[in-house]
Amino acid sequence: MQIESPAFKENARIALHDVDLQKALGNLKAGFPTKRAAAIERMPEFDSLRDEAMQLKNHIIENLDLYLEQFEENVTKQGGHVHWARTSDDACKTILDICRQVGAKTVTKGKSMVSEEVNLNEYLEANGVTPVETDLGEYILQLRGDHPSHIIAPAIHLNLEDVTEAFHEHHGRPRSSDPAVLMQEAREMLREKFVAADVGITGANFCVAETGSTIIVTNEGNGDLTQTLPKTHIVITSIEKVVPTLEDMTLFQRLLARSATGQEFTVYNTLSTGPRRADDQDGPENFHVVLVDNGRSEMVGSEFQDMLRCIRCSACMNHCPVYGSVGGHSYGWVYPGPMGSVLTPKMIGIEKAGLLPNASTFCGKCESVCPVRIPLPKLMRHWREDEFSKHLSPKAARWGLGGWAFFAKRPSLYRLLSKGANRALRLMAGKKGRVTKLPLAGGWTDWRDMPAPSGKTFMEQYKQQQR
Amino acid sequence: MQTSAKRHQVGLFVTCLVDMFRPSIGFATIKLLESAGCDVNVPSTQTCCGQPAFNSGDKATSIDIAKQTIEAFDGFEYVVGPSGSCISMLHHYPELFAESDPWHARATALKGRAYEITSFLTDVLNFDDILASYEGVATYHDSCSGLRELGVKQQPRTLLAKVANLSLNEMEESETCCGFGGTFCVKYPDISNRMVENKSANIDASGANTLLGGDLGCLLNMAGKLKRQGHAIEVRHIVEVLAGMTDEPAIGDANYNLGKAV
Ligand code: SF4
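First to last, the protein sequences are chains F and H. Anchor point for the first sequence: position 388 equals 388 in UniProt numbering, and the numbering is continuous, going up by one each time. Anchor point for the second sequence: position 159 equals 159 in UniProt numbering, and the numbering is continuous, going up by one each time.
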């Protein structure tokens, strides 16, 4: 996927005027947050589970190497293989190698954001292996040559009409706007692919160290067909997904479903433990897990360590007023919203992603809904500090800040400055009580008036009263 | 009222926006504090809480301003301000210093004494002896920092319930950010605009004729939008209403007495 994060502002401007997108975002806002709130209402212990989950995650991160080794050991014991991928490239190469070993022409894929992160589809395609997305949302996006705009509802930016058009164009059947008909159509198309695929690739929501299992949670069941029908199952996931025990996993499952979609439990919770055994009814002959690092291990012990707690529930973006205004594509890379504004700079560099951690009012809504209590605003602020110390923030902003700081640190000069500005604003406002056009502050006055000061500064008036 | 011997010694953190744009908020805060049994002083070495620097990643400046503020309010029993956002910033000061740094302890002490005005009156002083009257239907915007960092939600409503003739119509999404966000509103003006448009629609739909809130930054933003859109809704800081000081035109409204004031 092309990196478009440096164009965040332009992307956002276009998105704000995209009527169809705004309609779709309206549906999102009305959907997930309402359902989450209702689910939590029904679970009084939700907040204490969050504390528990946070502590458990912290423990896991502090012992990450240990649990990962245990996981590897147990996958191997079950007859599977674990591959360590330091970079995106490593991950893609490893997967291509496996595909080549088994002579794969087509692979079916369940939804996986890590595979988006490493740009797997393009890589496979460029090397003669055809990936077929089987998650309905991802399938629609693939037909359209589009990318996910949300981490659990990848096609949330589309409306029904878009699906109608995409299916009509690619399936060559009459147009339908009946969701049931469209669903049936997708099913029929995908059945063939499921049967023909040589390899099935899925992500994993969690990796269980004590059993060497991986789990996917989905609402469509496509993941089950993806991983059980082909001869080879490859799981691509990232190192921070490991949890010690099955019981620990259930804690996160409870939080994940409620935080994401407001469900008590996701519909399909499918565990994979090694390849098919002699008395198993189904399952793949080969089982591989590709564990992607991509900068994550560097986050351990850094000021961004808390971010490794993320369980990819999407609550932060579902509740973010900025995401809700501009949609996921504006962020210009794989992970959008508040969690993306913290992760993206780590993965593509702050030089390219600097606009993302700045695109927040720090309203704190994201942190307040995060099931593992990630202090997202604080982490975004760390990026701003990084940017500032590397002199990457825009010159005009730095100068403005520097000028302001000079006065703010000198109270008596500051009094003079505020007195002057106070007079200037009042003169500009005249009798109207507000300024409609302010030089250097077009960002404000293009959209709203600037209320004028109501009189002399507080400090002036207070001093007069004290005399 | 308490005897003067027992009166709390409060330092008023004016906030830079109140100083510059709307002194009446500062005076209303003083009036409320005095009627609740406090002696109020305004240290002249205060400027801004430092939030613009802090949120722009300029840690060195944030530290300088934090030290200046800590020193300005040394010796006060409490530090109270008419802004959840600026008081939250004071609560962030300990993060700026290493735990071994003596400033860390001083910052932590300040944090323990610093309160947003409605929370101070309600949670600390248990004061609700509001004698004001306000003819109107109000709606209340919960500003983000006060709400999520300081837990200010019920306090303003408890106090407003004591105001004669005032009724409260809650708007939809009163807890959703108005899009001000300090420098955010000029760095990302069109996103900020969308957020404040959503807010003004909710304010309008509430049927209220007055918008109240506890943070002047947000109020300037919302008033600026409402006025640009031609709404007649009056925008005021909650302390103006609680202190019965609503003679002055509302935020962004006309009739400022320019000649006399300059
Ligand atoms: S940061 Fe928190 S809220 Fe956002 S996706 Fe991750 S776990 Fe969910």
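Hints in this document: simulated from the structure, not taken from any laboratory. All C-beta atoms in this analysis are idealised placements derived from N, C-alpha and C, irrespective of residue type, glycine included. Any given hint could be a false lead.
Pairwise CB distance ranges (calculated) [said to hold, decoys possible]:
{"#": "1", "chain 1": "H", "residue 1": "Gly112", "chain 2": "F", "residue 2": "Arg423", "range": "36 to 46 angstroms"}
{"#": "2", "chain 1": "F", "residue 1": "Arg86", "chain 2": "H", "residue 2": "Thr108", "range": "35 to 45 angstroms"}
{"#": "3", "chain 1": "F", "residue 1": "Asp280", "chain 2": "H", "residue 2": "Glu95", "range": "47 to 57 angstroms"}
{"#": "4", "chain 1": "F", "residue 1": "Met43", "chain 2": "H", "residue 2": "Ala164", "range": "37 to 47 angstroms"}
{"#": "5", "chain 1": "F", "residue 1": "Glu351", "chain 2": "H", "residue 2": "Val137", "range": "46 to 56 angstroms"}
{"#": "6", "chain 1": "F", "residue 1": "Ala38", "chain 2": "H", "residue 2": "Gly112", "range": "33 to 43 angstroms"}
{"#": "7", "chain 1": "F", "residue 1": "Asn58", "chain 2": "H", "residue 2": "Ala105", "range": "22 to 32 angstroms"}
{"#": "8", "chain 1": "H", "residue 1": "Val124", "chain 2": "F", "residue 2": "Pro411", "range": "39 to 49 angstroms"}
{"#": "9", "chain 1": "H", "residue 1": "Gly230", "chain 2": "F", "residue 2": "Ala396", "range": "26 to 36 angstroms"}
{"#": "10", "chain 1": "H", "residue 1": "Ala164", "chain 2": "F", "residue 2": "Ala30", "range": "15 to 25 angstroms"}
{"#": "11", "chain 1": "F", "residue 1": "Glu165", "chain 2": "H", "residue 2": "Thr108", "range": "38 to 48 angstroms"}
Structure-based check of all given hints:
Distance hint check for glycine 112 (chain H) and arginine 423 (chain F): the Cβ-Cβ separation is about 38 angstroms, which falls inside the suggested range of 36 to 46 angstroms. Judged by the Cβ atoms, the range 35 to 45 angstroms given for arginine 86 (chain F) and threonine 108 (chain H) holds: they are separated by roughly 41 angstroms. A beta carbon spacing of about 54 angstroms between aspartate 280 (chain F) and glutamate 95 (chain H) agrees with the range 47 to 57 angstroms that was offered as a hint. Roughly 41 angstroms separates the CB atoms of methionine 43 (chain F) and alanine 164 (chain H), a value that falls within the hinted 37 to 47 angstroms.
In this structure, glutamate 351 (chain F) and valine 137 (chain H) meet the distance hint of 46 to 56 angstroms, their C-beta atoms being roughly 51 angstroms apart. Against the hinted window of 33 to 43 angstroms, the Cβ-Cβ separation of alanine 38 (chain F) and glycine 112 (chain H) comes to about 37 angstroms, which satisfies the hint. Checking the proposed 22 to 32 angstroms range against asparagine 58 (chain F) and alanine 105 (chain H) shows it holds: the Cβ atoms sit about 26 angstroms from each other. The hinted range of 39 to 49 angstroms is not satisfied by valine 124 (chain H) and proline 411 (chain F), whose Cβ atoms lie roughly 28 angstroms apart.
The hint said 26 to 36 angstroms for the Cβ distance between glycine 230 (chain H) and alanine 396 (chain F), and at roughly 32 angstroms that hint holds. Separated by about 38 angstroms at the C-beta atoms, alanine 164 (chain H) and alanine 30 (chain F) break the suggested range of 15 to 25 angstroms. Taking 38 to 48 angstroms as the suggested C-beta distance range, the pair glutamate 165 (chain F) and threonine 108 (chain H) does not conform, at roughly 60 angstroms.
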